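Colleague: One letter stands for each residue in the lines below.
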Amino acid sequence: MDPAHSNLLVSMVNIRKAFGKVEVLKGVDFNVNHNEIVGLVGDNGAGKSTLIKILTGVHRPNEGDIYFKGERITIHSVERSRELGIETVYQERALSEQQTLWRNIFMGREITTNLGFLKIKDQREETDRILREQMGFTSKAINTDSIVQFLSGGEKQGIAIGRALFFNAELIILDEPTMGLSLAETKKALDFVRNIKHQGKSAIFISHNIYYVYPIADRFVILDRGEIAGEFLKKQISQDELVERMVKLAKTGKMS
Amino acid sequence: MVRTSRSRERRLELSILGVFGGIFLLFIIGSPSVFTRFDIYYSFMSTIPFSGIMALAITLVIVAGEMDLSFPSIMGFSGWAFAKLSNVMIDGGMNPELVIVIAMLACFVTGILGGVLNGTLVVKVRIPSLVATIGTMFFWRGLVNVCGQGYGESLVPLNETVLFKIFVGRLGGLVPAQAIWMLCLGFGFWLLLKRHRFGSHVLIIGDNTESARMMGIRVDRVKFVVFMQMGFFASLAGILASLEVTYLWPSMGEGYLLRTLAAVFVGGTSVFGGVGTIFGTFIGAIIIGSLEGGIVAIGLTGFWTQLIYGLIIVVSLSIWSYFRHKE
Numbered sequence: 001m002d003p004a005h006s007n008l009l010v011s012m013v014n015i016r017k018a019f020g021k022v023e024v025l026k027g028v029d030f031n032v033n034h035n036e037i038v039g040l041v042g043d044n045g046a047g048k049s050t051l052i053k054i055l056t057g058v059h060r061p062n063e064g065d066i067y068f069k070g071e072r073i074t075i076h077s078v079e080r081s082r083e084l085g086i087e088t089v090y091q092e093r094a095l096s097e098q099q100t101l102w103r104n105i106f107m108g109r110e111i112t113t114n115l116g117f118l119k120i121k122d123q124r125e126e127t128d129r130i131l132r133e134q135m136g137f138t139s140k141a142i143n144t145d146s147i148v149q150f151l152s153g154g155e156k157q158g159i160a161i162g163r164a165l166f167f168n169a170e171l172i173i174l175d176e177p178t179m180g181l182s183l184a185e186t187k188k189a190l191d192f193v194r195n196i197k198h199q200g201k202s203a204i205f206i207s208h209n210i211y212y213v214y215p216i217a218d219r220f221v222i223l224d225r226g227e228i229a230g231e232f233l234k235k236q237i238s239q240d241e242l243v244e245r246m247v248k249l250a251k252t253g254k255m256s
Numbered sequence: 001m002v003r004t005s006r007s008r009e010r011r012l013e014l015s016i017l018g019v020f021g022g023i024f025l026l027f028i029i030g031s032p033s034v035f036t037r038f039d040i041y042y043s044f045m046s047t048i049p050f051s052g053i054m055a056l057a058i059t060l061v062i063v064a065g066e067m068d069l070s071f072p073s074i075m076g077f078s079g080w081a082f083a084k085l086s087n088v089m090i091d092g093g094m095n096p097e098l099v100i101v102i103a104m105l106a107c108f109v110t111g112i113l114g115g116v117l118n119g120t121l122v123v124k125v126r127i128p129s130l131v132a133t134i135g136t137m138f139f140w141r142g143l144v145n146v147c148g149q150g151y152g153e154s155l156v157p158l159n160e161t162v163l164f165k166i167f168v169g170r171l172g173g174l175v176p177a178q179a180i181w182m183l184c185l186g187f188g189f190w191l192l193l194k195r196h197r198f199g200s201h202v203l204i205i206g207d208n209t210e211s212a213r214m215m216g217i218r219v220d221r222v223k224f225v226v227f228m229q230m231g232f233f234a235s236l237a238g239i240l241a242s243l244e245v246t247y248l249w250p251s252m253g254e255g256y257l258l259r260t261l262a263a264v265f266v267g268g269t270s271v272f273g274g275v276g277t278i279f280g281t282f283i284g285a286i287i288i289g290s291l292e293g294g295i296v297a298i299g300l301t302g303f304w305t306q307l308i309y310g311l312i313i314v315v316s317l318s319i320w321s322y323f324r325h326k327e
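If you're matching them up, the sequences are chains A and B in order.
Under our numbering, the first residue of the first sequence carries the number 1, and numbering increases by one thereafter.
Under our numbering, the first residue of the second sequence carries the number 1, and numbering increases by one thereafter.
Derived from the structure by calculation, the hints contain no laboratory data.
As the structure is a computational prediction, the values presented were derived from the model and not from experiment.
Treat the hints with caution; some may be incorrect.
Which residues of chain B face chain A? A partial, calculated answer using Cβ under 7 Å [to be verified]:
id, residue
1, V146
2, H196
3, D207
For each residue, glycine too, the CB sits at the ideal point set by N, CA and C.
In isolation and in its complexed conformation, chain B is listed as follows (with noise of 0.2 Å):
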C-alpha cells in the first residue's frame, strides 16, 4: 500500500468534514426554524473568529512541538493596553481616528512581547514551554489585574473610525469582517505552514529537533517566531474582541484557553508535533465555537454544553487515533 502524506492528510480533512457535517444536520434537524436562517450564522460569524484566530496561531506551536498557555492572559493584557491608551489619548482630546492607530500598534507590541518573553523563557533559559507558559499565563492575567484594578474601558468613542469599521465593521451590512479576517488568515496559515520554507521548517522541528539542527535548520530562532507570531495574534484577537462589543472587560480571555486548544485538537492536529492541519484547525474552531449556540437552539440547557464539548472532542481524538494506530 502506497503511505502518503497526501492521502493521509485528505483522509483527515474529509473526516473532519465528515464531523462537521454531522453536527450541522443535526443542528438543523434539531432545530430546523434556527439553523435554516441566516441569523444564527451571522452571530458565529461574529464571535468564532475570536478564538478561531488564536487557535490559527497556535496550531503552529503545536506542530513546533512547543506549547503556549498564556495567549488568553497576552490576549488579556494587550486589550487592556490598547482600550486604556485609548481612553487616555481621547481624554486628552486627540482625534479618534489617530488614536485607534497608535493604540493598535502599541497593542501589537505588547503582544509580540508577550511572545518574546516566552520564546526567551523557552529557548534561552530552556523552561519546557508548558510550563514557562503557566507562569507567563499568570503574570500577564496578574497584570491586568493590577493596572486596571478590575475596572473595564468603555470603547465607544472609536466605534465611528475607520479601522474599526476594518476590524469589526459588517461588510455589506451582513458579514462581520472579523470572520473576513479568519478566513484570510486560515489561508495565509496554511500557505505558510505547507507551502513556505517557514511552516517546513515548522514541522521538521516539531517532528525531531535533533535531526533539525543537524540540518542546519535554525531551530531557536524558528521557535522563537513561532512564539512571537502567537503574541502577536492573541494581541489582534483582544482588539477584535474588544471593538465587537465596544467595551473591555478586564477578564478578557478567560474560557477561551481550553477551548481553542480543543478547536486544535478536535481539528487533528498531533499534540506531539511534526503534523498537523490549518484546514482541520479552521473547521475545529467552528465546531467548538458553535456547539453552544447549537445546543442551546436545539432546545437543551445551557447545562448541557460542557457534556457535548467533552463528547465530541473525545469521538473525534478517537477517529484521529484510530487512523494513526491503523498505519
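Isolated chain A (complex conformation) (with noise of 0.2 Å):
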C-alpha cells in the first residue's frame, strides 16, 4: 500500500530501533486509519511502548519512516507529535491529583487573558460542558470542581480521554488503560474509548490483555520480539481464535 494515498491517519514503515546493541524494533510497519481502533498487543519486552514513543517524539528511530495523513514526517519532540494531533492518555499519571477537575483539563494549554490571568470563568464552563456533553458525566457528584484524587480509577481514565478529545486529538494512544481497575471500572474506561470513535477518532489501545481489547478494537497487532507477529481484523478472527493463536505464539514464537 502507498502511504502517500489512502485512508490511512498515520504509517509507520520499516521502523528499526536498537538501544545500544538491543534491537527492541527489528524493521516494524505499523499502520491506523481514519476512524480506527486498533489493539496494539504484546508481551512485556515486545516492543509496543519503544514503537509508541516514536511515534510521539519520545525516542527516534534508526531507520524507517513516518507518515502522517499521506506526508511524511519526522516527529522530533512530544510537543510536535501533539501539534499533530496525537496525544498519549498515560495511565492517570498526566493528571493532577489534588487539584480541581477545570484546573486538569487545561494543564499546560490554560485559557488566558494576554497578561497570563486565567478566565477561570472559561475553563469551568468549557470543563463543565466536557463533562456533560463529550464524557456524558450525569452524576452531581462530579462538577467542575471536583478535585481529581476522590474521582474512581476509570473515571480518571474518562477525564484524560476527554481532554484529549477535547484539543482536537487525531490519534489517542491508551497505554494499558484499564490496568489496575477493577471490573466496573475497566468497563467505564473501555465506554470512554469507544467514545472515542463515536466522535470520529482513531485511537491505539495497548495493553498485554486480549481480553480487554478484543470488545474494542477494530484491528489487532501483535508485536513479538520487535517484530509483528500478526495482524488480524476483528470480523476475521474470533476471541478465542485470538487467544489460542497468543499462547502459541508464547509457547513456539510463531502464531499459526
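With the hints as a guide, bring both chains together as one complex.
Modeller: What follows is the structure in C-alpha cells.
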C-alpha cells in the first residue's frame, strides 16, 4: 500500500530501533486508519512502548519513515507530535491529583488573558461542557470543582481521554488504560474508549490483555520480540481463536 | 458528598481565622488595657511584614514542592550590600535620594542572584532543594561575615529620602508603610497563585512533576522563577527591616527561618506541595508575629514564648492533618 494515497492516518514503515546493542524493533510496519481503533498487543519487552514512543517523539528511530495523513514527517519532540494531533493518555499519571477538574483539563494549555491571568469562568464552562456532553458524566458528585483524587480510576481515565478529545487529538494513544482497575471501572474506561470512535477519531489501545482489547478494537496488531507476529481484523477472527494463537505464539514463537 | 476545592479551601480558611480569632480573644481577655489600644497593633504592623513578606514568597516555593532555607541569609547579605553601598556612596558625597535608589537596585540584583544560584543548584545540578539551600544558607551568611567583618552599618543619612518614606514611612502618621506593602503583596501573591497561569503551573508541579512535564509545562523554568522571586522578596525584606531601624546588623535575618516557615505551615499550606493558601500564610504570619508581644502583654515572661509557639504550631498542624485524613 502506498502510504501517500490511502485512508491511512498514520503509517510507520520499516521502523528499526536499537538501544546500544539491543535491537528492540526489527523493521516494524504499523498503520492506523482514519476512525479506527487498533489494539496493539504483546508481552512485556515486545517493543510496544518503544514503537509508541517513536510515534510520540520521545525516541527517534534508527531507520524507517513515518507518514501522517499521507505526508512524510519527522517527529522530534512530544510537542511536535501533539501539534500534529497525536495525544497520549498515560495511566492516571498525567493528571494532577490534588487539583480541580477545571485546572486539570486545561493544564499546560490554560485559557488566559494577554497578561496570563486565567479566565476561570471560561475554563469552568468548557470543563462542564466536556463532562456533560463529551463524556456523559451525569452524576452530581462530579463537577468542575471536583478534586481528581476523589474520582475513581475509570473516571480519571475518562477525564484524561476527554481532555485529549477536547484538544482535537486525531489519534489518541492509550497505554494500558485498564491496568489496576476493577471490573466495573474497566467497563467505564472502555466506554470512554468507544467514545473516541464515536467522535470520529482514531486510537491505539496498548495492552497485554487480549480480553480487554478484543471488544473495543477494530484490528489487532501482535508484536513479538520486535517484530510483527500477526495482524487481524476483528471480523476475521474470534476472540477464542485469537487467544489460542497468542498462547501458541508464547510457546513456539510463531502464530500459526 | 461533593468534594470540591472550594469547600475544602473555605473550611481551611475559616479554621485559620478561628485560630486567629481565638488567640486575639485570649490576648484581649488576658490584657485588655494593652489590646484595646492602638499601640500594640501599630507595633505589630511595623514588625510583622519583614518575615510576613518572606512567608508569602516561600509559600510559592513550598507549593511547588521545593524548600528554601537560605532566604534569611540572602536577606542578610543583600541587606548588607544595600547598607554598605549606601554608605560608600554617601561618603563619596552623593545625593541620598540617588544613593538609595542605586543601593536598592543593587540589593534587588543581589537577592535575585541568590535565587538564581538556588535555582541553578536545584534545576540544573539537580541537588534536592532542602540540601542545596543548607549550603547556600551558610554561604550567604558567611559572605556577610567575611565582607562585613562583624560591623554594622548606619542608615541614618537615608531617612529623609522619598524612597525611605515609601518603604517604611508612616501613612497618616499611623500606619507603617511596610504593613501596606505586605497587604498589597498578599493580594498580589493570591492573584498569582490562584488566578494566574504561573500559579496554576506551580500548583500542578508541586502536585506531580511528572504529569506537569507530560502536559507540556516548563517545569524547570517555573521552578527557577520560584526560587528567583524568593531571593527578590528576601532582599526586599532586607531593605525594609534595615530601614525600619535605620541600621544594618550583620546578623540580620537570623531567627527568621523557622518563624517564617511556621507561619506558612500554621496557615495550612501542605509541606508535600500541590496545595497552599496565601490567605492562610498571611494570617499565619500575623499569628506567629504577634505571639511574642501578646505573651509579654498578658504578663507572662519572655521565657514562655517558645513554649506557646510550639503549642500553637502543633495544634494548628493537627487540625489541618485531621481535615486531610478525614477526606
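Colleague: Each hint: holds or not?
Modeller: Against the structure, the hints come out as follows:
| no. | hint | verdict |
| --- | --- | --- |
| 1 | V146 | violated (41 Å) |
| 2 | H196 | holds (5 Å) |
| 3 | D207 | holds (4 Å) |
The structure shown violates just one earlier hint, number 1.
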